[in-house]
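S.K.: Sequence:
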Amino acid sequence: MTLERIHAEILAVRLIPNVDPALAEQFKLEPRYRSLAIFTSTIDDIGYTALDEATKKADVEVVYGRSFYAGAAHASGPFSGEMIGVLAGSNPDEVKSGMDAVFQVVESAAYFEAVNGDKSHAFYAHVVARSGTYLSKEAGIDQGEPLAYLIAPPLEAVYGLDVALKAADVELVKFFGPPSETNFGGGLLTGSQSACQAAADAFREAILNIARNPIQY
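All you need for our numbering is the position in the sequence shown, starting with 1, plus 516.
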């Protein structure tokens with residue numbers, strides 16, 4: 517079965533060089549953070565992966581990241597997509613560097629994989645070799661630890677996680693119980709980089725097995 521990569525797209529970006537104090541209070545910004553970068557993306561999990569990468573490439577912090585209900589197909593506007601992310605930094609150059617990292621991940625480093633031709637059946641089996649401040653906080657692990665970021669439609673997610681956990685010496689540190697805001701599910705697994713890769717490979721094969729034989733049990 518041939519898998520086709522599905523890359524996300526950044527739909528809109530704006531930088532706020534000097535954020536208004538009232539807005540800074542809503543984001544609970546530290547006093548040293550005065551600049552914001554805001555973006556929307558067509559795929560939420562890729563956007564979150566990109567946010568994490570930004571924390572490794574620039575002196576920025578993720579202060580907001582949310583998925584939109586029902587996903588990009590039911591977005592509230594042409595530039596809404598499936599998620600919104602906000603980076604905070606001490607100056608405009610830092611948040612711009614953070615956004616450069618976001619674009620690099622979205623354009624080439626992270627992608628969903630489509631099982632079928634119309635791309636209606638897809639999953640995310642991505643290995644983060646070294647977690648940044650964002651995903652490590654989400655997962656409750658030390659910064660720099662590897663992660664397997666595994667996402668799929670509801671049934672596939674639950675079954676695939678079980679297969680992944682049994683295939684490698686990994687620990688489930690974050691469970692995204694289906695349905696998520698975008699009607700998917702999954703989790704974050706940690707272990708050695710090789711173990712995370714083995715778990716991601718097992719997750720992928722489990723999804724393909726379901727696609728081949730959806731009602732065989």
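I should point out that these hints are in silico values taken from the structure, not numbers from a laboratory. Treat the hints loosely; a few may be bogus.
[Unchecked claim] Simulated crosslink set (DSSO-like; lysine-lysine; CA at most 27 Å straight-line):
(1) Lys-690 / Lys-573
(2) Lys-635 / Lys-653
(3) Lys-690 / Lys-544
(4) Lys-635 / Lys-572
(5) Lys-612 / Lys-544
(6) Lys-544 / Lys-653
(7) Lys-690 / Lys-572
(8) Lys-682 / Lys-573
(9) Lys-690 / Lys-653
(10) Lys-635 / Lys-573
S.K.: The structure should be examined with respect to each hint, and the outcome stated for every one.
M.R.: Evaluated hints:
1. This hinted pair checks out: Lys-690 and Lys-573 have alpha carbons roughly 24 Å apart, not beyond 27 Å.
2. Straight-line distance between C-alpha atoms of Lys-635 and Lys-653 comes to about 32 Å, which puts the hinted pair past the 27 Å bound.
3. The hinted pair formed by Lys-690 and Lys-544 meets the criterion: a straight-line CA distance of about 24 Å does not exceed 27 Å.
4. Taking the CA atoms of Lys-635 and Lys-572, the gap is about 31 Å. The hint is violated against a cut of 27 Å.
5. For the given pair, Lys-612 sits about 20 Å from Lys-544 by alpha-carbon distance, which is consistent with the 27 Å threshold.
6. With a C-alpha separation of about 17 Å, the suggested pairing of Lys-544 with Lys-653 holds against the 27 Å cut-off.
7. For the given pair, Lys-690 sits about 21 Å from Lys-572 by alpha-carbon distance, which is consistent with the 27 Å threshold.
8. Straight-line distance between C-alpha atoms of Lys-682 and Lys-573 comes to about 33 Å, which puts the hinted pair past the 27 Å bound.
9. Taken as a hint, the Lys-690 and Lys-653 pair is honoured in the structure, with Cα atoms around 10 Å apart against an allowance of 27 Å.
10. Distance restraint check for Lys-635 and Lys-573: the Cα-Cα separation of roughly 32 Å exceeds the 27 Å cut-off, and the hinted pair is therefore not satisfied.
This entry does not satisfy hints 2, 4, 8 and 10, going by the numbered hints stated previously.
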